[in-house]
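> Chains as they are written, first to last, in UniProt numbering: chain A, 1 to 284; chain B, 1 to 284; chain C, 1 to 284; chain D, 1 to 284; chain E, 1 to 284; chain F, 1 to 284; chain G, 1 to 284.
Quick caveat, the hints were computed from the structure, so don't treat them as lab data. Mixed in with the good hints there might be a few duds.
The list that follows gives simulated cross-link-like pairs (lysine-lysine, DSSO-like), each with its CA atoms no further than 30 Å apart [unchecked claim]:
#, chain 1, residue 1, chain 2, residue 2
1, G, K210, E, K145
2, F, K44, D, K256
3, C, K145, A, K219
4, C, K219, E, K219
5, B, K256, A, K256
6, E, K213, C, K210
7, F, K256, F, K219
8, D, K259, B, K259
Label-pair restraints from in silico Cβ distances [as the list claims (entries may be wrong)]:
#, chain 1, residue 1, chain 2, residue 2, range
9, C, S45, G, R27, 48 to 56 Å
10, F, M28, G, D215, 40 to 48 Å
11, D, D199, B, K44, 51 to 59 Å
12, F, T29, D, S90, 32 to 40 Å
13, G, D215, C, D131, 58 to 66 Å
14, D, G136, A, I23, 45 to 53 Å
15, C, K145, G, D189, 26 to 34 Å
16, B, N174, A, R48, 49 to 57 Å
Just so you know, even glycine gets a beta-carbon here, dropped at the ideal spot from N, CA and C.
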Amino acid sequence: MMDWLDSSIAAVKNKEMWGAFGIAVLRMTIILVASRVALWILHKSIDRIMLERASKYTASQARRMTTVGKLLRNVTAYIVYFIAIMLVLSEIGINLGPLLAGAGVVGLAIGFGAQSLVKDVITGFFIILEDQFAVGDVIQTGQFKGTVEVIGLRTTKILSWTGEVHIVPNGMINEVTNFSVNNSLAVVDVSVAYESNVDQAMQIITDTMKELKHDDLVKEPQVLGVQLMNASGVTIRVIAECRPNTHPVVARAINKEMKEAFDRNGIEIPYPRMVTYQRSMKEG
Amino acid sequence: MMDWLDSSIAAVKNKEMWGAFGIAVLRMTIILVASRVALWILHKSIDRIMLERASKYTASQARRMTTVGKLLRNVTAYIVYFIAIMLVLSEIGINLGPLLAGAGVVGLAIGFGAQSLVKDVITGFFIILEDQFAVGDVIQTGQFKGTVEVIGLRTTKILSWTGEVHIVPNGMINEVTNFSVNNSLAVVDVSVAYESNVDQAMQIITDTMKELKHDDLVKEPQVLGVQLMNASGVTIRVIAECRPNTHPVVARAINKEMKEAFDRNGIEIPYPRMVTYQRSMKEG
Amino acid sequence: MMDWLDSSIAAVKNKEMWGAFGIAVLRMTIILVASRVALWILHKSIDRIMLERASKYTASQARRMTTVGKLLRNVTAYIVYFIAIMLVLSEIGINLGPLLAGAGVVGLAIGFGAQSLVKDVITGFFIILEDQFAVGDVIQTGQFKGTVEVIGLRTTKILSWTGEVHIVPNGMINEVTNFSVNNSLAVVDVSVAYESNVDQAMQIITDTMKELKHDDLVKEPQVLGVQLMNASGVTIRVIAECRPNTHPVVARAINKEMKEAFDRNGIEIPYPRMVTYQRSMKEG
Amino acid sequence: MMDWLDSSIAAVKNKEMWGAFGIAVLRMTIILVASRVALWILHKSIDRIMLERASKYTASQARRMTTVGKLLRNVTAYIVYFIAIMLVLSEIGINLGPLLAGAGVVGLAIGFGAQSLVKDVITGFFIILEDQFAVGDVIQTGQFKGTVEVIGLRTTKILSWTGEVHIVPNGMINEVTNFSVNNSLAVVDVSVAYESNVDQAMQIITDTMKELKHDDLVKEPQVLGVQLMNASGVTIRVIAECRPNTHPVVARAINKEMKEAFDRNGIEIPYPRMVTYQRSMKEG
Amino acid sequence: MMDWLDSSIAAVKNKEMWGAFGIAVLRMTIILVASRVALWILHKSIDRIMLERASKYTASQARRMTTVGKLLRNVTAYIVYFIAIMLVLSEIGINLGPLLAGAGVVGLAIGFGAQSLVKDVITGFFIILEDQFAVGDVIQTGQFKGTVEVIGLRTTKILSWTGEVHIVPNGMINEVTNFSVNNSLAVVDVSVAYESNVDQAMQIITDTMKELKHDDLVKEPQVLGVQLMNASGVTIRVIAECRPNTHPVVARAINKEMKEAFDRNGIEIPYPRMVTYQRSMKEG
Amino acid sequence: MMDWLDSSIAAVKNKEMWGAFGIAVLRMTIILVASRVALWILHKSIDRIMLERASKYTASQARRMTTVGKLLRNVTAYIVYFIAIMLVLSEIGINLGPLLAGAGVVGLAIGFGAQSLVKDVITGFFIILEDQFAVGDVIQTGQFKGTVEVIGLRTTKILSWTGEVHIVPNGMINEVTNFSVNNSLAVVDVSVAYESNVDQAMQIITDTMKELKHDDLVKEPQVLGVQLMNASGVTIRVIAECRPNTHPVVARAINKEMKEAFDRNGIEIPYPRMVTYQRSMKEG
Amino acid sequence: MMDWLDSSIAAVKNKEMWGAFGIAVLRMTIILVASRVALWILHKSIDRIMLERASKYTASQARRMTTVGKLLRNVTAYIVYFIAIMLVLSEIGINLGPLLAGAGVVGLAIGFGAQSLVKDVITGFFIILEDQFAVGDVIQTGQFKGTVEVIGLRTTKILSWTGEVHIVPNGMINEVTNFSVNNSLAVVDVSVAYESNVDQAMQIITDTMKELKHDDLVKEPQVLGVQLMNASGVTIRVIAECRPNTHPVVARAINKEMKEAFDRNGIEIPYPRMVTYQRSMKEG
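Only chain A is shown next, with the shape it has when bound in the complex (with noise of 0.2 Å):
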């Protein structure tokens, strides 16, 4: 870059450098107009060939090539706005290679600064290739939680149930939670107060959920036991297998189910209690 900028000091200072100018600009011109047109094409057939074609094949297939099929699209962007820029500054004398062969301080800089890049670049390769989740699974990484909708080369956009989109990039996610492989497990606690009879409020339970219906329900919800004893109450478990990712919506089911049946049998939900001894004092 340095002998670059020396020569172009140099051209800048006698001013020669201005007559091949109006040509390189129009060559410009047509490289770019050429790079979006063939980018267009591209995007055409990968979207005839991965997306189009995705509805003839299983599910799961189905999720796999409407992935793969988002990525190449992300793909052949980058390299075809790498080959029109490396044209680019080829057609302005500026010939990137040397540069980025040889090292030196810039170099240095640049190899340090740029190590997060290839992190993510290698981190998404196999996020794909290992399948760890695919564009419409419900995953977690960090603090990020919601839908995935395109998994880049360098970054992947998750939409959250609140309308936000949260743009994380692949070398960020190191460990990943997918929501959308297995049934989900609703689990509920409820507490019932030390006076109530233990059993009977865990044969209403039971009774109450075996008459559950709910379109996510896989298995008949199962009452485990007593989970706890602390100062309020007695607090009991509920868990149900539900399809993936439906558990708040079971949850908020057993719920309501439950309310109405404690109503009913009069089994009261325990407020905090405490213990007051009274003593007069002497007024100070």
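With chain A held as given, fit chains B, C, D, E, F and G onto it using these hints.
Only chains B, C, D, E, F and G this time, still in chain A's reference frame:
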């Protein structure tokens, strides 16, 4: 730099440098003035091409052009300043080219110290290329949330709703949340007492929500069900899809309507409860 | 890569490359098909040798063979894909060998960016070699706990009890806790009021524990003594050795038995207590 | 440094160095005195050009000139000290040039150890160039908030409102919040009891705010609505745009006015509430 | 690796390699069997020399020999496996020597990726050399506490008291706490009410402690004095030196004795106190 | 180091080294004694020049001279020790020069390991050069606050007000807060009950503050206004400018005066309040 | 290492190495025995010179000699073990010299992996040189507090007051607090009720403190004043200078005296207070 130092020490010693001093100062002044003029012309051109024509395009295209226009102003300023500094330094006999291309202790320190600068520029480049967010979007990165004012090559300026300007280096923008792409979801949790009829309360909320009118509302609010049962009451969740980033406004409107509907129907919002057992105590 | 870029730019310019294009596509298709067939044969062989014969061995040997079998499937997939990609790239004239062996800015960035990939593979190799955990074990690493599904060369999949799949890179598995090797210990703390006779309470617990029957119990539960005296009462600790990873189930059984024994013997679980001094106050 | 060490050890051994000692001390004293004089002249010139003329310009230009003037004083001090130290060292026969340009263990350690120094200078340079903040602005970076006193090449001094001086290296100023660029927003949340008429309360607040006079107020305060409904009451939010960084003063004025308006209209600020159920208990 | 890849690609192409395949498999099988036999002999010898003779020595020497014996088993396993893998690889024509000694992108990545492996081995070596802890000691490192089961060259296995096995890489064992070297100190804090006579309470505790008998007690417990005065009472601290790592057992014994002594002497453990002022209020 | 090791192993083998041993020990003793004498003379000179004359200058100059004097003692000690160790090592035939200038595995490890040492020295140098703080100032860095005792080349000693000495490496002193440069501000927040007349309370505080006399007070305390309205009362803020680092003393004086003024005027400091609703409950 | 591996593989193949095996084992045994003897002699000499004569010197000198003596034992052990291992390895034909001086992948990994080892030694060296703390001092570094037992070249052993031994690598001892250099300050905060006369309470405390006798007390305790006014009462602070590290003992003595003085003078320690407003409520 050391070579230069040695020679300048030599120069200072025999005082020969002072003759050429006046001419060099004059030439440097000319360089600085010329660079300011060049920068003014470039910025005017960018404004005319990118910013003023923005109104002729669709909202999405205009958004993009505004962002790129502000970036181009930023980039041209860096390039012009960089060339001017190089010319000034070459006037006083310092050629930074070999230094930057060489290595050694100074080079090592600069290479390490400049890596975050390089990372800033690379990340800034990809923020624009991948269209992660544009000027005018409401985003959150780390603990900083606000409206994007400028996306520069090295830093992004975010204007918080209380008036502060957050200046964040692009290299620190690892994970970014964009609130302006999709519709938002206002989530309101309301508690009713155990003694209340839950079905009736949900019916009242549903009826109230049906009559809610708000400009930012996209779909009619929806009552999800019993979200939680805890010591003080039953929590019912209401959600409402609204235009991007308007969820606090919509949530305030829902709060007000529900408060009035509950007042009309005599549904109480539960206070914390406690059961107290009084015991007498022998005086200590 | 730069050399290739230069030549491909040259190629794109004079359009000579298009002749050989058709043949190269054909050969690449053959390579890809052949690699899928080879992978299918290898996976079948591994399944036959490692997984299907597992039943002939003792539990420990079978566990080991299942783990190594799943790993071998994983490793052979990487090797076959790697060779296929190299062959495809050599078809289109790119030889990555010299690039990877050389150095420079790109090499520096790749070397830094790939270090976590290398660390993943090294750590994965030692997890298998040292038999830290096997497929089917319940482990916890960081905040992720669950049953190991697959130990791959680069990542380990952990299935949580609520159904989520955690995908953790092996390099992040620094410190791992294995719950499936030894018997577990269920620890139950129960509070009794100060007014109660502590000796009598401990006797009742001991008697109840002697009669406790549970399939997962390895030894009779043991009453350790007075663990803590705090403002609301005296805490007594009970421990019970049980089969690996069954301690929540056993703790629930102990909770239920103790609740019923306390009900029978009139021992109260203490509520929080407070002494209140009432003072009259002149009205403000 | 080792070469020098070897020769100086040799010198110390044969005591030949002591002859030239007196002359060297004399020359070094002259260098030190001359550098202090040069620095004094440079600082006087900077003050005359940059700081004293600042009053002739607009506020924004003056702000910029003050910042750059203080920085120039800082930079010229470093340069003069650096040249003086180099001259002194060359007097006693040490030439640091080759050492700094060379490599080896010492060089490696220095290169690594000095990277944060280089990062400080680079970041400081960009703070000035990008006009992120200027002397006199109120900024926050990390946990340090206050008025900027000096922006140096390596450190920035921030004066907190309670009188402490925070000295922060520029390299630690990653993300900075500037409070002095735009108008601030005073946000006041006030609670009213559930029994109150919310519409009436909001009307009273609106009326009170209309009559609020304050020098720092830019726009009339605005009542946003019901921000929150919780166990003790209804929270109403009021916002008021005011001059930069005056929001605590304006919020205090709003607090005082509202307290008096509520007193006049008999609206109570709600205390925490609790429902207590008293049960008798058989004595333990 | 690339050279090998190129040649193996060539080999795969012309299918000449398949002739020598059978012989190579045979030789590799012999190598693997021989290495298992060698390992079996080495482990038997180590057991005989180090572990079985341990009983002839003093406790400290035996402890050391057990630790070193288990480590030697671990180290010989690594060496034998390493040699076997090298021999197998040389059978199939891969010589890793030049690769590991060379450099380049792959070497850089491996060098960085393997640094934590090297750190593990170095730290493990010093743990043994400095006798920081031995097999059977109770230690805590980070959040993991338990009895040391094996100190390997790369990892240490710690068995927690609830049955989990923590596997910690030696390089993560930066700061380690050893509970098994010195006598432990059981610390028990007990509160008495303000109304109690502090001197009398301390006397009762002292008397009770004098009569305390416990196998793990090394010295008679000691009453330190008034540790804290807070809102609910006066806290008195008791300490008791006991055999290493038995302080929870001794603390439970002290708790039980004090509870009974307080019951006998009518000293009350203070409940939290609060002064309440009741005011009448005009109905809202 | 290896070369030396090889030769010394050879030497140990043929026992020839023992002849020259006595003489070397004698010479080393002389070197050590001479270095102690040289250090004593240097320290005496520094004390005479820098520390004893300090009283002749203004406070600011004296402060600077004390700091630099203590640093010079520290630096000369390092230099004399360094030369002595080099001479001793050269006596026993070890020349560290080539080792330190060379590279290799040992050099790499030393270079990395020594980087924090280099950073300490560089930062320490700038602390003095930039006059960030001086001996006797009260500073806070990280969690350590106290009076600076010594600023050394590598570490700074801070004496906390409770008597501990904190020894902090200069490289850890990234962000430092100096309490001794400017006047401090004592900030006192006091609550009054809602029933009180806020204007009257503020008037009483203002009157009391006008009469407050304290040696450390620089300006008359100022009543800022209503800082906060919360559940228990109205918070009024008072500030008072006082001499550097005396704000805890002044705040205690203000506390005492206000307590007495409130007692005289019958203004109550509000206790927490709560509204309780008693409900009867059917016995469970 | 690879060269050695290749040759030893060759050796293992043709079984020629077994002839020289017996002699090598014999020689290695002699080396090991000789090194143990040499170490025993060196340790005895160090003990005689450094530790046993310590009693002849002042406390400060003796403290230093004990520390250095223990370090010397540690260092000589490392040197003797290092030479012995080198001799043993040279017996079996491995020369580590060239390996350590060379570079490559293995060297890179070792260099990175060993950097914390080097940092430990450098920091340990400066802890001794700067006399930061000595054997017998009470220090705190990070979360570990206790009495220093040994300062080794690589690790420092700290004995906590409850009996655990903390082993901390010197490189982790960044910031260290030494409690044994200066007198400590016992700080006791005591609350009195608002109704109490603050002046009288302070007078009683002052009088009580005047009569306090304690061996560890250096100066008479001092009553600082009203530290805090909060909801429950007025906090008065008392400080007392005492001998190093005896502040918990002195604080306990002050607590006991004040409790008794308050009992005698009828000053009450305030319980938390609350104002309750009782409202009747229509039954829900």
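> Run every hint past the structure and note whether it holds.
Hints and how they fare:
Between the alpha carbons of K210 of chain G and K145 of chain E the distance comes to roughly 48 Å, so the proposed pair goes past 30 Å and is violated. In summary, the hint linking K44 of chain F to K256 of chain D is not supported, as the alpha carbons are separated by about 65 Å, beyond the 30 Å threshold. Between the alpha carbons of K145 of chain C and K219 of chain A the distance comes to roughly 23 Å, so the proposed pair stays at or under 30 Å and holds. Between the alpha carbons of K219 of chain C and K219 of chain E the distance comes to roughly 34 Å, so the proposed pair goes past 30 Å and is violated.
Simply put, K256 of chain B and K256 of chain A have alpha-carbon atoms about 26 Å apart, close enough for the 30 Å limit, and the pair holds. Between K213 of chain E and K210 of chain C, the direct Cα distance comes to roughly 27 Å. Compliance with the 30 Å bound is thereby established for this hinted pair. This hinted pair checks out: K256 of chain F and K219 of chain F have alpha carbons roughly 18 Å apart, not beyond 30 Å. Of the supplied pair hints, the one linking K259 of chain D and K259 of chain B holds, its CA atoms being roughly 24 Å apart against a limit of 30 Å.
At about 51 Å, the beta-carbon gap between S45 of chain C and R27 of chain G stays in the expected band of 48 to 56 Å. Checked against the hint of 40 to 48 Å, the pair M28 of chain F and D215 of chain G passes, with Cβ atoms roughly 47 Å apart. Checking the proposed 51 to 59 Å range against D199 of chain D and K44 of chain B shows it holds: the Cβ atoms sit about 54 Å from each other. Checked against the hint of 32 to 40 Å, the C-beta distance between T29 of chain F and S90 of chain D comes to roughly 36 Å, which is consistent with it.
Here the CB-CB span from D215 of chain G to D131 of chain C is close to 60 Å, well matched to the stated 58 to 66 Å. A beta carbon spacing of about 51 Å between G136 of chain D and I23 of chain A agrees with the range 45 to 53 Å that was offered as a hint. Between K145 of chain C and D189 of chain G the Cβ separation comes to about 43 Å, which falls outside the hinted range of 26 to 34 Å. Checked against the given bound of 49 to 57 Å, the beta carbons of N174 of chain B and R48 of chain A, roughly 35 Å apart, lie outside it.
In terms of the numbered hints stated before, the structure departs from hints 1, 2, 4, 15 and 16, listed from lowest to highest.
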